[in-house]
Every structure is written in C-alpha cells, then in structure tokens.
Amino acid sequence: MLADNNMSAEPNPTPLLQVDGVTLQYKTAKHLVTATYRVSFDVHQADRFVLLGPSGCGKSTLLKAVGGYMAPTEGSMRLKGAPILGPGADRVFVFQEFDQLLPWKTVKHNVMFALEASRKMRGKAAETQAMRYIEKVNLGKFADSYPHTLSGGMKQRVAIARALAMEPDVLLMDEPFAALDALTRRKMQDELLALWADTHFTVLFVTHSIPEAVLVGNRILLLSPHPGQVKGELNSSGDDPVDPATGIKLSDRIHEILFADRVEEQETVPHG
Amino acid sequence: MASMREGAGSAFALPPTRTEYLREVVAGQDIGVVQAPLTPWQRLANQGWLRKGLLLVAIAAAWEIYARRLNNPLLVPTFSSTLAAFADGFRGAEIPEKVLNSVALLLKGYAAGLVLATIFTSLAMMTRLGNDLLETLTSAFNPLPAIALLPLALIWFGLGDISIVFVLVHSVLWAVALNAHSGFRSVSNTLRMVGRNYGLKGPRLIFKILIPAAFPAILTGLKIGWAFAWRTLIAAELVFGVSSGRGGLGWYIYEHKNMLDIPAVFAGLFTVILIGLLVENLVFRNIEAATVRKWGMQS
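Top line first, the protein sequences correspond to chains L and H. In this text, residue positions in the first sequence follow our numbering: the first is 1, and each later residue adds one. In this text, residue positions in the second sequence follow our numbering: the first is 1, and each later residue adds one.
Any given hint might turn out to be false.
No farther apart than 30 Å at their CA atoms in a straight line, the calculated lysine-lysine pairs in the BS3-like style are these [what the hints assert, rightly or not]:
#, chain 1, residue 1, chain 2, residue 2
1, L, K120, H, K294
2, L, K120, H, K201
3, H, K294, L, K141
4, H, K52, H, K294
5, H, K201, L, K124
6, L, K105, L, K124
7, H, K294, H, K223
8, H, K294, L, K136
9, H, K223, H, K52
10, L, K249, L, K231
11, L, K141, L, K124
12, H, K223, L, K105
13, H, K208, L, K136
14, L, K27, L, K231
15, H, K223, H, K108
16, H, K294, L, K105
17, H, K208, H, K294
18, L, K120, H, K208
19, L, K136, L, K80
20, L, K80, H, K201
21, H, K294, L, K124
22, L, K27, H, K201
23, H, K294, H, K201
24, H, K208, L, K141
25, H, K208, H, K223
26, L, K136, L, K120
27, L, K187, L, K105
28, L, K187, L, K136
29, L, K105, H, K201
30, L, K80, L, K120
31, H, K208, L, K105
32, H, K208, L, K124
Treat the hints as calculated values from the structure; they're not laboratory data.
All chains should be modelled from the sequences, with the hints used to inform the complete structure.
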C-alpha cells in the first residue's frame with residue numbers, strides 16, 4: 001500500500017543483506033523485552049539504507065543483530081547468502097559514542113589497528129591503506145594526533161575512516177552524528193554523501209531524524225515502536241521532493257506515516 | 001531606557017528597535033601575537049620540583065633548629081648528624097649493600113605477586129567462577145595485613161628469603177588484582193564491541209583492548225602494590241632481618257637502634273623514604289607521562 005513507486009525497478013538482483021522475519025528479544029533484570037517483531041528487509045549493493053523510527057522501535061537493536069552481537073529469537077539474517085553468526089569484520093560499525101576510538105592509539109594507528117586486528121593487512125600495506133582513508137576524511141594533518149585532542153566531529157570522521165578502510169561488505173552506522181552539534185552534523189552528512197559518491201559503499205544507517213533519513217538515504221525503512229514493526233519502505237532522492245500527486249513533501253509524508261496512529265486515535269481516519 | 005519602560009505603562013515592555021549591521025573581520029594573520037612571555041619569577045614558580053624542594057628545605061631547617069634546641073641526640077639527632085651518618089653509611093658501603101639486598105628481595109616478591117595477579121584477573125575475566133573466586137579471595141585477604149602472615153610463613157618456609165617473598169606476594173597480589181579487575185569491568189561497552197567487531201576475542205581482546213583501556217586502574221594498582229610491598233618488607237626485616245647473613249634496610253635500622261646509634265637509625269629511615277620518592281617520581285611518574293597522560297585518560 002505504501003511502496004507503490006516500486007514498479008519502475010528492474011528485476012532485483014540477489015540482495016547483499018537479507019533480513020527475514022526477524023524477532024529480537026532481550027532480557028532486562030525483570031522483563032523480557034521484544035525489541036522488533038518479524039521485521040524483513042533487503043539491502044542491495046551500494047544502498048544507503050536507513051532504518052528510521054521513533055525511540056523504542058528497535059532500530060539500534062536491529063543494527064546490533066546485523067552486527068552479530070545478538071541472535072534473533074525468530075527469523076534469519078543472511079549476508080551474501082551466508083547466515084550471520086557473530087561479529088565480523090565484513091560488517092563494520094560506526095557508533096554514536098566518541099569513545100569508540102582507542103584513546104591509546106593515534107588517528108593513524110586507530111585505523112591501522114582495525115586492519116591488523118582483523119588480519120586483513122599488516123605493516124606497510126596497512127599504513128598505506130590507513131593514510132588513504134584518513135586523507136579521504138581530510139584528517140591527513142592529524143594522523144599522529146591522539147583522539148583526546150580532536151573535536152567530536154573529527155573523532156567521528158576517524159571512526160568513519162577506520163570503518164571504510166576495512167572495505168566491509170556493509171557499513172553499519174548507529175546514529176553516528178547524533179552527538180554532534182547541528183552545524184557539524186549537517187557538514188558530516190554532506191561529507192558522508194561525498195564519500196559514498198567516491199566509493200559507493202553499502203551502508204545501513206540508523207537514525208531517528210526524518211530530515212537526516214531523507215538526506216542520507218536512498219531507501220528508508222519505517223519502523224513503528226513497541227515492538228518494532230515495519231511500516232513501509234520509501235525511496236528518497238535526497239532533496240526531499242514534493243510528490244506531484246499529493247503535493248506533500250517526502251519528509252511530511254514520512255512524518256504522517258510514522259505518527260499516523262495518533263491521528264487515527266483522534267479521528268478514526270479510514271484506511272486507504 | 002528606563003523612561004521608555006515606564007512610559008509603556010503595561011506589563012509587556014518591548015525591546016528597542018535597532019539597526020542591523022554586517023562587518024568584515026580582521027584576517028587572523030593581521031592580528032599580532034596575543035600572548036606575552038611569563039616573567040622569570042612566574043616561570044620558576046611553575047616548577048613543581050622547585051616548590052617541593054623549597055618545602056623540603058624548610059622542613060629540614062625546622063628539624064635542625066628543633067634538634068639543636070632539644071640537644072638530645074638519643075631522641076632526635078640533628079639533621080646534619082643524620083646526613084653525616086647517611087654519608088658514613090654510604091662511604092662504608094653499608095647502606096648501598098643493604099639497599100641492594102632489600103630491593104632485590106622486593107623485586108622478587110613484586111614480580112611473583114604480579115604474575116599471580118595476572119593469572120587471577122585473567123581467570124576472573126574469562127569465567128564466572130574465576131570472578132567469584134577473585135571477589136571472595138580479595139574481600140577475605142585484602143584487609144589482612146601481610147605482616148600478620150610472617151610468623152606463619154616462618155614456620156612453613158623457615159628463616160629465609162622465601163618467607164619474606166611469601167608475605168610480599170600477599171601484600172602485592174590483592175591490591176593489584178582488585179584494581180585491575182575493577183578497571184577491566186569499567187571498560188566501556190563500546191570499546192569491547194569495537195574490539196569484537198574487528199575479530200578480537202579471548203586473550204587478544206584482553207591484551208589489545210581490555211588491558212590498555214583499564215591501564216589507569218592497573219597503574220594505580222601497581223603503585224599501591226609497590227607501596228604495600230615496600231612497607232611490608234621493611235616491617236618484615238625489622239621483625240627478623242638476617243637471612244643467610246645479609247640483612248636489608250630494616251635490619252640496618254634495627255641493628256643501629258640496638259647500638260643506640262640513633263643518627264644511623266634516622267639515616268636508615270631517610271633511605272627508605274628516599275627510595276620511595278625515587279620510585280614514585282622516576283619510575284611511576286614517567287610511566288604515567290608516557291601512557292595514561294599522553295592518551296588523555298588522566299589529566
């Protein structure tokens with residue numbers, strides 16, 4: 001009912017990442033919490049796939065599961081056809097927290113650490129690769145600085161460089177810009193898109209900001225909260241276009257879809 | 001302004017209307033240096049060693065004056081006679097020899113304690129049972145003064161180095177293990193996830209992520225362990241000093257007390273303090289500067 005603009009798509013090749021009917025539950029001290037209920041979606045090569053929803057929709061938990069940090073209680077997740085069984089360097093995380101960098105290593109060694117720990121590269125090759133990606137995020141001058149001397153935005157750029165240097169099958173970003181100030185966040189979003197234009201990596205991006213989802217994503221999965229369930233998937237061109245048929249902006253449409261329940265409660269609008 | 005507000009006469013005072021303006025800023029390089037050098041006096045006052053040195057000189061002077069007034073070398077010898085006894089001890093090579101004996105023994109005990117602490121904390125990190133074991137043992141043994149085990153150690157291992165190493169291990173092990181363990185547990189979950197993301201697990205995760213991340217706490221443990229060991233050693237040597245004919249600093253103090261050579265007793269204590277200061281300021285201070293301070297994990 002929602003994904004009605006899908007008809008132009010050519011016959012789909014096999015998706016890179018297949019999430020199929022995934023239910024995720026975790027235990028707190030007193031409760032068993034269902035974070036997502038039977039969520040399915042496919043991520044294709046070079047997608048900028050956004051998981052969007054209000055807090056409590058299980059989008060971060062979903063990303064953790066794709067990262068291999070928790071196993072689904074129901075359903076399956078496959079990367080390039082192989083089931084996801086645990087954390088691995090083919091799916092690299094960029095976290096929201098600034099402390100994801102190792103404080104005892106310089107910028108360059110943080111990036112090299114990733115390559116060497118995963119046994120992907122070592123020595124000179126790792127250094128060359130690290131510097132290549134540090135240059136890509138414009139931190140060449142800071143290669144020998146320790147993380148505590150960098151600003152929040154610079155730390156996130158290092159984390160992105162470290163993740164991209166691994167050349168993973170899919171990059172997992174968990175609200176990577178949420179802890180930044182608004183101006184820096186805007187700049188980082190543009191930089192991320194520029195990097196994507198450069199290397200066409202595949203990224204799974206979690207956010208709760210509709211404008212960020214519209215800007216960053218080419219495909220947006222909408223999730224409802226408590227527990228997380230799929231409300232639909234939309235395409236985005238990045239510039240928040242006005243739909244000629246309805247005359248509403250994409251971001252307003254998303255807002256309506258995500259918060260439609262509240263409207264229904266008040267007005268009992270018939271479905272259609 | 002005040003009259004305007006009063007003139008409005010209502011609860012809603014509006015701000016005045018002002019003209020907007022835009023202006024060019026001066027380019028950074030056109031602004032001269034905006035900092036002035038410190039005066040020599042300010043620079044001297046910034047030197048920690050100078051301030052602390054001056055304090056020490058003041059304390060020594062107070063000591064000298066008090067001891068001269070008291071004029072009872074059996075109770076409090078003067079600072080100068082203590083220095084003389086200290087110099088004497090060095091000239092006769094007695095103090096260096098005792099220091100060497102003490103430090104050699106201390107290092108043995110310290111190293112053995114560290115090895116055991118590593119084993120215990122690794123076990124505690126890897127298994128839940130190991131965790132329970134470490135928690136139970138530290139809560140049981142940490143409050144127990146190591147020196148209280150010396151009589152038992154003497155019965156078990158006889159009058160020798162082994163007895164002293166045994167109590168040294170006891171004094172080091174729990175302090176280091178306790179600090180390292182709490183350090184490991186406070187490593188942020190994000191860092192652990194980063195480590196696992198790049199394929200680290202088991203011992204590699206411990207050595208590449210957990211130990212460096214917990215290093216501030218580990219270093220604190222090492223310092224506390226060192227101080228405990230040093231105290232325990234001197235106390236143990238005071239209780240029973242000679243092992244196979246060569247005593248340490250504690251024994252030196254004890255011997256000279258028996259001979260009523262009080263300046264030498266003071267010289268012995270002085271040496272104990274001096275070594276403590278040297279280790280703190282040369283060894284640990286430098287380790288800190290090269291690690292946790294450089295990494296911004298401690299200011």
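Just pull the numbers of the violated hints for me, sorted ascending. The structure conflicts with no hint, since it agrees with every one listed earlier.
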